[in-house]
Structure formats: C-alpha cells, structure tokens
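*Asks:* Assemble chain L onto chain C, guided by the hints.
Now for the letters of each chain:
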Amino acid sequence: AQKITQTQPGMFVQEKEAVTLDCTYDTSDQSYGLFWYKQPSSGEMIFLIYQGSYDEQNATEGRYSLNFQKARKSANLVISASQLGDSAMYFCAMREGGTGGFKTIFGAGTRLFVKA
Amino acid sequence: KAGVTQTPRYLIKTRGQQVTLSCSPISGHRSVSWYQQTPGQGLQFLFEYFSETQRNKGNFPGRFSGRQFSNSRSEMNVSTLELGDSALYLCASSTGGGLPDEKLFFGSGTQLSVL
Numbered sequence: 001a002q003k004i005t006q007t008q009p010g011m012f013v014q015e016k017e018a019v020t021l022d023c024t025y026d027t028s029d030q031s032y033g034l035f036w037y038k039q040p041s042s043g044e045m046i047f048l049i050y051q052g053s054y055d056e057q058n059a060t061e062g063r064y065s066l067n068f069q070k071a072r073k074s075a076n077l078v079i080s081a082s083q084l085g086d087s088a089m090y091f092c093a094m095r096e097g098g099t100g101g102f103k104t105i106f107g108a109g110t111r112l113f114v115k116a
Numbered sequence: 001k002a003g004v005t006q007t008p009r010y011l012i013k014t015r016g017q018q019v020t021l022s023c024s025p026i027s028g029h030r031s032v033s034w035y036q037q038t039p040g041q042g043l044q045f046l047f048e049y050f051s052e053t054q055r056n057k058g059n060f061p062g063r064f065s066g067r068q069f070s071n072s073r074s075e076m077n078v079s080t081l082e083l084g085d086s087a088l089y090l091c092a093s094s095t096g097g098g099l100p101d102e103k104l105f106f107g108s109g110t111q112l113s114v115l
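One line per chain: the protein sequences are C and L, in this order.
Mind the numbering: the first sequence is residues 1 to 116 in the working numbering, read in order.
Mind the numbering: the second sequence is residues 1 to 115 in the working numbering, read in order.
Hints are computed from structural coordinates only; laboratory data are not their basis.
A portion of the hints provided could be inaccurate.
Derived coverage of chain L by chain C (criterion: at least 3 residues anywhere in the stretch with Cβ under 8 Å from a Cβ of chain C; other residues may be distant) [to be verified]:
1. 40 to 46
2. 78 to 86
Mimicking DSSO-like on lysine-lysine, the simulated pairs with C-alpha atoms at most 30 Å apart in a straight line are [said to hold, decoys possible]:
3. C:Lys73 to C:Lys103
4. L:Lys57 to C:Lys70
5. C:Lys103 to C:Lys16
6. C:Lys16 to C:Lys70
7. L:Lys103 to C:Lys16
8. C:Lys16 to C:Lys115
9. C:Lys73 to C:Lys16
10. L:Lys57 to C:Lys73
11. L:Lys103 to C:Lys103
12. L:Lys103 to L:Lys57
13. C:Lys3 to L:Lys57
14. L:Lys103 to C:Lys70
15. L:Lys103 to C:Lys3
We put the beta carbon where it would ideally sit given N, CA and C, even for glycine.
So that you can see chain C by itself, here it is in the shape it has in the complex (with noise of 0.2 Å):
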C-alpha cells in the first residue's frame, strides 16, 4: 500500500495565482514528520517545508505553506503568487520511524507547470 499518495501527476497555474498540491498519507506512528522537496530540472531535490506531527500550526515558509489536517492524514501544499520559476516537479515525504530508526518515504511527485 501506498503511504504517501500524490494524485496529481502534473499541474497548471498562471503566474501570480496560488496553487495547492494535494498529498495525504498513512502511517500508525504517533510521530512522525512531513515534508515537500522540490525538483528542478537539475535534479536536486530543495527542502521547502516541514510539519511536524503535533504541530498544532500550519507551517509556512515565505510563499509556501502546508495544510495539515492530521484526522483526513492529508498535508497539502499550497504556493502563492507562482512564479515562472516554481516550474518543478514536488515531492511529499513522510519521515517515520521503524526497526532501523526513522526513514524517509516520498511520494510519486507532481509535475508543476507555471504558465506565463
């Protein structure tokens, strides 16, 4: 089974607009943590955003920032006023813990295209 689901294979936006990017995921930790990467086509994958478990606030992070709603397990990214340069694949990532400690598991991404 998947444990983080990415249903978006790829994404339009104008420039200027807010898009969301939708990720939920499943885990039975109690502790766990939630990112969103970014991948240009260079291949580097660029930490955006972290949420936190029990963080109770939504993270942001300059134009980024992450819907948790812990019940629906769904951390959605939203990015405001979009740029020509958002244009990127994003990556959702869960960071839980198992024998070996904690791992990073990541999603199937979605394709972001910004549209001037």
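*Replies:* Below, chain L without anything else, positioned relative to chain C:
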C-alpha cells in the same frame, strides 16, 4: 558551507558490470541516505548509514550495497548490473539525530545508464 557532493555525475555501464558511486555529505553531517529515482517508481529508499553503520535498509536486492567511512563519506555499490538499474541515484545527508524533523540535503545525483 559546501553542499552534498556526488561523483560521478554521469555513468554508462553495460549489463553484468559493477559500479561504485560516491557521496560526500555536508560537513558535520553524520548520516547519509541513498535513493534510487526512476520515472516509473519515483524515489525509492535504498539505505541509510550513520556513524559507519547501516541504520536502515529499503527493499532492494543484495546487489545493492553501501558503506560509510569515518569521515562520513559514503559509497554505494551495485554489482551485476541489470538494465532496470538505470536510474538517477540521489544521496542525501542529514545531521543523523534520528528524529522526525530531520530534513535531508540532497546532492545533484549520479545518472546511471546500463546498456
């Protein structure tokens, strides 16, 4: 502060050969994780090394192995290469605290093509 360095950037090998990829983490980081990225499977966790010990392992065959040195640099080895091993191999370093909030810092990856 220097970022995560992966070498080589590109590799072309033939089936049956073996390959070694290298990763130098950010100074002070003690954990190195390896991921395989393919268009069909996305990012798949291979393993994590911390203080020269494998701390976590994904579901890959034994042909995939790794090690970490005392300076935290890590190598990943794939023996008896198969066509399906063609992928972007990403290395990520982190502080190694083993907590849920530990974020990963990635290198640019090694693009491996198996012919």
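*Asks:* Now look at each hint and say whether the structure bears it out.
*Replies:* Cross-check of the supplied hints:
no.: 1; hint: 40 to 46; verdict: holds (count 3)
no.: 2; hint: 78 to 86; verdict: violated (count 0)
no.: 3; hint: C:Lys73 to C:Lys103; verdict: holds, 18 Å
no.: 4; hint: L:Lys57 to C:Lys70; verdict: holds, 28 Å
no.: 5; hint: C:Lys103 to C:Lys16; verdict: violated, 35 Å
no.: 6; hint: C:Lys16 to C:Lys70; verdict: holds, 29 Å
no.: 7; hint: L:Lys103 to C:Lys16; verdict: holds, 28 Å
no.: 8; hint: C:Lys16 to C:Lys115; verdict: holds, 9 Å
no.: 9; hint: C:Lys73 to C:Lys16; verdict: holds, 29 Å
no.: 10; hint: L:Lys57 to C:Lys73; verdict: holds, 25 Å
no.: 11; hint: L:Lys103 to C:Lys103; verdict: holds, 10 Å
no.: 12; hint: L:Lys103 to L:Lys57; verdict: holds, 18 Å
no.: 13; hint: C:Lys3 to L:Lys57; verdict: holds, 16 Å
no.: 14; hint: L:Lys103 to C:Lys70; verdict: holds, 20 Å
no.: 15; hint: L:Lys103 to C:Lys3; verdict: holds, 18 Å
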